[in-house]
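Peer 1: Read off the chains here:
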Amino acid sequence: MTAPSETPIVEETGRTGPPPNRVIGGLKHFARRSPLSAFWGCIALLIVAMAVSAPLIAPYPPLKSDFRSMQKAPDETHWFGTDQIGRDTLSRVIHGSRTSLIVAFAAVLLGTTLGSLWGLACGYLGGRFDIVSQRIIEFLQAFPDLILAMAIAMALGSGTVTVIIAIAITRIPFGGRVIRSVVLSLKEMSFVEAARSLGASNMRIMLFHILPQCVAPYLILATTHLGVAIIIEASLGFLGVGIPPPAPTWGNMLADALNAGIVPPWWLVLFPGVAITITVLAFNLLGDGIRDVLDPRLRGSV
Amino acid sequence: MYSYIARRLAFGGITVFGVSIIVFLIMRIMPGDPLTAIFGPEGMTKLTEAQRQSYMEELGLADPLIVQYLSWLWDIAKGELGRSFFRAESVGEMVLRRGPLTAQIAILSVILSWILGIPVAIVSALRPNSLADNTARVISITCLAVPGFWLGMLLVLGLLFGFGYRAPQTAGGLGLFEDPGTVLQIIIGPAFVLALGQAAYIARMARSSLLEVIREDYVRTARAKGLNGRLVVTLHALPNALLPVITLSGILLGFVLAGSIPVERAFGTPGLGYAMFTAVNERDIFVMQNLVFLYAVVFVMLNITVDIIIAWIDPRIRYG
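From first to last, the protein sequence lines are chains A and B. The letter at position 301 of the first sequence is residue 301 when you use this note's numbering, and the numbering goes up by one with no holes. The letter at position 314 of the second sequence is residue 1314 when you use this note's numbering, and the numbering goes up by one with no holes.
FYI, nobody ran anything at the bench for these hints, they're computed from the structure. Keep in mind the model is a prediction, meaning the values are calculated, not measured. Cβ coordinates follow ideal geometry from the N, Cα and C atoms, glycine included. Possibly wrong hints are sitting among the right ones.
Unchecked claim - What follows is a list of derived Cβ distance ranges for each label pair:
1) V1138/B - L109/A: 51 to 59 Å
2) G1164/B - V132/A: 58 to 66 Å
3) V1138/B - P246/A: 48 to 56 Å
4) G1060/B - L46/A: 49 to 57 Å
5) R1316/B - V132/A: 42 to 50 Å
6) A1062/B - P246/A: 34 to 42 Å
What the hints assert, rightly or not - Computed footprint of chain A on chain B; a stretch qualifies when at least three of its residues, placed anywhere within it, have a C-beta under 8 Å from a C-beta of chain A:
7) 1136 to 1144
8) 1154 to 1160
9) 1234 to 1244
Said to hold, decoys possible - Okay, the calculated bits of chain B under chain A, using three or more residues with CB under 8 Å as the criterion:
10) 1179 to 1185
11) 1273 to 1287
12) 1291 to 1303
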């Protein structure tokens, strides 16, 4: 994977000046290096803003049914139309971004963190612990992501926390693999040897010398997996093992559209899917950009 | 070569064993009573404790975990794969009836993904960073972000409203050769939708692999002796560049099997993926347990097959 070198993996973004300029300088640097990612990064920020302020910008409450306008095509009062029981699709799409992002962020954070810590321990400790751990990771990777997530979500019973756990478990092997190989090359470096010769304990070396060097690959892993997590969440909702209805999630909305009748109205199908696509696109491209800036050598490997 | 195959198979066997333990554990951590799924929460209250006991024993859920696990393994060895709570047929029969349709979808989608992905990769690699290359990049990134099942729903709707066409909905179990017209109409939609995402990965991988191979000496030699650039790329560079693409395609095939679950749901295809969707909604743990195990085993076997094919093509791996 990464070729070991004596330079730290984290790149200095801003060149000189006090801290605030460094942040701005770093962002400018990012925008110059990958304008496409910067643009989609802004879209991602907008989506996050939409999720945070969902109750303020949604024109109607997402669960309120209006029985006088059921299954209405888009018009000026309901821009995205209404569903079978008169709920406003636009409001549900906006609220759906909340669930989607909360689940994706929590799952990726949990899964990648656990996996990375596991990988850190495997890479540094080596020996029997490493061999057994690698086998377990191999077993976990023998399942396609969606199937593992489905099985876990079904077994634990539906709910937000369940979905987060189910998706997080599918992310663990990636963290374990990538961070382990980073640690394997890091632990041969002279700064680790220096720490050891000063009498630092294994724990101390792991946490204070090697862990900080894993931050860049960790961030790369986390951001590149957000898109996948969003798609898995939507698929689980679509298959009926996600967050239970009437919660407005994009996957649930698509499932509702399909369950409504033989021919689902086009607006109930189109808008939630567009929302998923744009969100996944934004986070994928943002992730690509962050990867290229943080570590060009990891390009294409995660 | 044989020792390589033997080693790969042995590791595969260990993995399958580990997978069976994981599947079993997942299906037994289910909170609450497994009988709730069959009788519903209301029906549960009407059951007497004795009835409950006898059902548990009948289904084998009262035995200690290790006994349940071993009897499951025995069941797998017999090829029966357990019974559904809700249906008369065994999971083994269901797999035989519905599996071929899903397998055909998966294989057709892999073929389509190569037909779509490789030409795009060649065009991109011939002129890297040109307009064509950048367009291909944007399209492939978009394809990776579009959920297949949603595209499937749009496709069904579009065909219905645009052309008044709806794919036939006959039951599964049809072979491609018995009734090619009907089966092709059923599988082409899901296969196409599933192929798009794969094609995007394949185009990316084949492009970077081609660009790497093009830098090698033998390609320069071919150029130096005056061969035309296109011929060099397609006849000299491409065969060597395809190795990583074959590996990738094998891995993707496993993900297609998983992706076919929501896609079959979207199209209403009566394949194994749809059976999985039904099982997960009925919380039918016996069917789920066996299907999840089956999918994982197929995934492992695909990876082994791909490894062996690669080793057969490229001796550097076999002796490495």
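Peer 1: Could you run down the list of hints and mark each one as holding or not?
Peer 2: Hint-by-hint comparison with the structure:
1. V1138/B - L109/A: 51 to 59 Å: At roughly 29 Å between Cβ atoms, L109/A and V1138/B fall outside 51 to 59 Å, so the hint is violated.
2. G1164/B - V132/A: 58 to 66 Å: holds, 59 Å
3. V1138/B - P246/A: 48 to 56 Å: Once the Cβ atoms are compared, 37 Å apart, the range 48 to 56 Å for P246/A and V1138/B is violated.
4. G1060/B - L46/A: 49 to 57 Å: holds, 54 Å
5. R1316/B - V132/A: 42 to 50 Å: violated, 30 Å
6. A1062/B - P246/A: 34 to 42 Å: holds, 37 Å
7. 1136 to 1144: With 3 residues in contact (Cβ-Cβ under 8 Å with chain A), the coverage given for the stretch 1136 to 1144 of chain B holds.
8. 1154 to 1160: Answer holds; 3 residues pass the 8 Å Cβ test.
9. 1234 to 1244: Per the Cβ count (0), the hint is violated.
10. 1179 to 1185: violated (count 0)
11. 1273 to 1287: Our answer is that it holds, as 6 residues pass the Cβ test (under 8 Å) against chain A, meeting three.
12. 1291 to 1303: Contact hint for the stretch 1291 to 1303 of chain B vs chain A: holds, 5 residues under 8 Å.
Going down the numbered hints, you'll see the structure goes against 1, 3, 5, 9, 10, while the others check out.
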